[in-house]
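Visitor: The residues making up each chain are set out below.
2 protein chains.
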Amino acid sequence: MGGIEEQVAGVNKCTPKENGTMTSLSSDAVINLDIGDPTLFQSYWSKIGDKCTIAFSGCQSLSYFANTKNLCWFLEPELEEQIKRIHSVVGNAAVEDHHIVVGTGSTHLIHAALFALCPPDCPEPTSVVCAAPYYSCYPEATDFLRSGLYKWAGDAQTFDKDGPYLEIVTSPNNPDGSIREAIVKGIQGKLIHDLAYYWPQYTPITCCAHYDVMLFTASKCTGHAGSRIGWALVKDKDVARKMTKFIEVTTIGVSKEAQLRTAKILGVISDSCLHPGSNNFFEYGRRLMAGRWEKLREVMGRGELFSLPEYPQEYCLFTGEYSESQPGFAWMKCDENIEDFEKFLRGHKILARNGSRFGSDPKHVRASMLCTEEEFELFIERLLTIRGTSNGNHYF
Amino acid sequence: MGGIEEQVAGVNKCTPKENGTMTSLSSDAVINLDIGDPTLFQSYWSKIGDKCTIAFSGCQSLSYFANTKNLCWFLEPELEEQIKRIHSVVGNAAVEDHHIVVGTGSTHLIHAALFALCPPDCPEPTSVVCAAPYYSCYPEATDFLRSGLYKWAGDAQTFDKDGPYLEIVTSPNNPDGSIREAIVKGIQGKLIHDLAYYWPQYTPITCCAHYDVMLFTASKCTGHAGSRIGWALVKDKDVARKMTKFIEVTTIGVSKEAQLRTAKILGVISDSCLHPGSNNFFEYGRRLMAGRWEKLREVMGRGELFSLPEYPQEYCLFTGEYSESQPGFAWMKCDENIEDFEKFLRGHKILARNGSRFGSDPKHVRASMLCTEEEFELFIERLLTIRGTSNGNHYF
Chain A
1 MGGIEEQVAG
11 VNKCTPKENG
21 TMTSLSSDAV
31 INLDIGDPTL
41 FQSYWSKIGD
51 KCTIAFSGCQ
61 SLSYFANTKN
71 LCWFLEPELE
81 EQIKRIHSVV
91 GNAAVEDHHI
101 VVGTGSTHLI
111 HAALFALCPP
121 DCPEPTSVVC
131 AAPYYSCYPE
141 ATDFLRSGLY
151 KWAGDAQTFD
161 KDGPYLEIVT
171 SPNNPDGSIR
181 EAIVKGIQGK
191 LIHDLAYYWP
201 QYTPITCCAH
211 YDVMLFTASK
221 CTGHAGSRIG
231 WALVKDKDVA
241 RKMTKFIEVT
251 TIGVSKEAQL
261 RTAKILGVIS
271 DSCLHPGSNN
281 FFEYGRRLMA
291 GRWEKLREVM
301 GRGELFSLPE
311 YPQEYCLFTG
321 EYSESQPGFA
331 WMKCDENIED
341 FEKFLRGHKI
351 LARNGSRFGS
361 DPKHVRASML
371 CTEEEFELFI
381 ERLLTIRGTS
391 NGNHYF
Chain B
1 MGGIEEQVAG
11 VNKCTPKENG
21 TMTSLSSDAV
31 INLDIGDPTL
41 FQSYWSKIGD
51 KCTIAFSGCQ
61 SLSYFANTKN
71 LCWFLEPELE
81 EQIKRIHSVV
91 GNAAVEDHHI
101 VVGTGSTHLI
111 HAALFALCPP
121 DCPEPTSVVC
131 AAPYYSCYPE
141 ATDFLRSGLY
151 KWAGDAQTFD
161 KDGPYLEIVT
171 SPNNPDGSIR
181 EAIVKGIQGK
191 LIHDLAYYWP
201 QYTPITCCAH
211 YDVMLFTASK
221 CTGHAGSRIG
231 WALVKDKDVA
241 RKMTKFIEVT
251 TIGVSKEAQL
261 RTAKILGVIS
271 DSCLHPGSNN
281 FFEYGRRLMA
291 GRWEKLREVM
301 GRGELFSLPE
311 YPQEYCLFTG
321 EYSESQPGFA
331 WMKCDENIED
341 FEKFLRGHKI
351 LARNGSRFGS
361 DPKHVRASML
371 CTEEEFELFI
381 ERLLTIRGTS
391 NGNHYF
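Protein chains in written order, with UniProt numbering: chain A, 1 to 396; chain B, 1 to 396.
A couple of the hints might just be wrong.
As the list claims (entries may be wrong) - Here are the simulated SDA-like pairs of lysine to any residue, each with C-alpha atoms no more than 20 Å apart in a straight line:
no. : chain 1 : residue 1 : chain 2 : residue 2
1   : A       : 349       : B       : 34
2   : A       : 185       : A       : 146
3   : B       : 245       : A       : 349
4   : A       : 151       : B       : 249
5   : B       : 295       : B       : 307
6   : A       : 151       : B       : 148
7   : A       : 349       : A       : 25
8   : B       : 185       : B       : 160
9   : B       : 161       : B       : 119
10  : B       : 333       : B       : 179
11  : B       : 245       : A       : 146
12  : B       : 245       : A       : 183
13  : A       : 69        : B       : 34
14  : A       : 69        : B       : 35
15  : A       : 47        : A       : 271
16  : B       : 245       : A       : 35
17  : A       : 363       : A       : 296
18  : B       : 245       : A       : 160
I should point out that these hints are in silico values taken from the structure, not numbers from a laboratory.
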């Protein structure tokens, strides 16, 4: 009930109720690294305190509309402004000649892009492809409604059909962190660039991306997955209009509260990059991810029992330094003595996602590097135990 | 960027920026009653002040998860509690033996229900029907992805196909406010009850609804369309699970900010009903709607130029009084001298939705009764002008 004072008094305590990730784990707890729940930046946001706090009164955001003058009529002007600002501060994507379409997470916008980009009057569904290993959600997202407009056609590397197609280019790639370009070179192809992880905490910013359709999400940029805010940068006006129409028909817009809070958070991050002395969010994120990757590579050893991808040193335009990628997921491969790596890790109370889900094989798993500090420490401990008990490769 | 004080200082001023509906209208402005933007309760929420204010800190709602123990794992426990509470306070729907699934507005949940209820392995798409006049968005929502699972089959009153089908029962009905029951009596039919307007401000609560799938939305209950929060009450566990799966595949959950704010607002409304002396939200809403309907019936006259549906007096279990329905939309019919009522009203700077969009005819329009006070007054003024200039039925 109470007034705003009560709200404020409670607001800066992140209890488990407010944040599902803060419950303390017992030493024999199963740790879930199957999903990429981005809770790793929690301590940063706890330290930020009220600088990021936003309040809503009962009389705000009653209308469906946010800006009737905008093509994307439900996009809050503050969010549009802060999206443009953070991209120009980071330099990872061109915004000036692009329209912004907001969605309930970038997943919503993948669906919107498929709808907007497939030819409207094709006799048969347009093929949707992505190079393996591809994000495990793409096939189901494409096929679950058995749409007559598009259908999943699998690995872009083996796709050789003539006619129109849609290729999803995920860069850095989920699950393996590789930097990617389009593979199919058909003349009737259209591209969707999923750039969810193209931020300095995960990879060097090597260029200002300038593709036709680019997808981003607050979940992986700021770590606020609970807000469900994603945005698309779209060059072509009609494509942006069709994506906006998709969001209208499926959900009649996107939560104003989530949009305004995301605008606030993006603003705080941009400020943190621009004002010397303030705690640069991306520097914090880079240090955190670098520390985790260092620990992981150390415990796994370079190719002894399991192997990890190697990433080249690249010059980052944002930091002005050479560095390696430190992806949000570890794409781990086991050696010949293990058939099913996911099953093996489950035996050690580590849940990771089976490589076969990504169009790869069961000798691979994807393990989230975006978990809480506590989960990550348990993950490292258990990998150490596995190594300790694995002399002579007797795994079972 | 300031701290919480700045937030609070600003939070209770509803500027046009914060609420698209507060810009002042010029006397010759076109008034848009085509969409049902529920901005009519604005003065109630402005008067509520800080009682409804909710604040979010930077470290809240990072995770995708809200309650891992719940079938609907992204549903905030507070929202679940307040949804159950308001239904038991109002007595309009049974909650105890139903699962709650939250969506980004009830539109999202219509899609989820179609997906969850159609037989999974049918050779051809399941027919989706609704009695005309039906909500104009149903046909497009059903067909826009050309799903192989379901397809729009039009007016339930003329539907005579054998085999499985889905019937949407909207009660009170959008556009005409009538109270409805299922019409098709096939043995393989499944029902979706869209009860968005089954609240005391719109219609007498004549029974506690106890259907298999019941859809509600904050937009029409509290007037907060900008939050995009809808909920489904679902009896069957597998159907609730499939609807939850749909929300997962399309948007990976629903904004936590919007859920927590809606929980707060629903709580304030329930309190307003339970504590004598406090400003009962539904009483306020009933007075407001009754006043608008009285003015509208007065200016239109009973059947002179245009006609409106008549509604029976019913006993309302919530108020303990007999009253008529006072729907969120006016379903207006013109007399024989007008061919296209929408076009006619547009000539008088009133935008309403053409009856043909609802499976009816151009002699009908749907005009929103949920607009701001200012818009409603202009609407009434212009209807008066039309009557004034219509002696001898010279309309043009």
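Visitor: Look at each hint and say if it fits the structure.
Guide: Against the structure, the hints come out as follows:
no.	hint	in the structure
1	A/349 with B/34	56 Å, violated
2	A/185 with A/146	26 Å, violated
3	B/245 with A/349	25 Å, violated
4	A/151 with B/249	15 Å, holds
5	B/295 with B/307	14 Å, holds
6	A/151 with B/148	12 Å, holds
7	A/349 with A/25	12 Å, holds
8	B/185 with B/160	10 Å, holds
9	B/161 with B/119	16 Å, holds
10	B/333 with B/179	19 Å, holds
11	B/245 with A/146	15 Å, holds
12	B/245 with A/183	32 Å, violated
13	A/69 with B/34	17 Å, holds
14	A/69 with B/35	16 Å, holds
15	A/47 with A/271	15 Å, holds
16	B/245 with A/35	15 Å, holds
17	A/363 with A/296	18 Å, holds
18	B/245 with A/160	33 Å, violated
Hints 1, 2, 3, 12, 18 from the earlier list are contradicted by this structure; the remaining hints agree with it.
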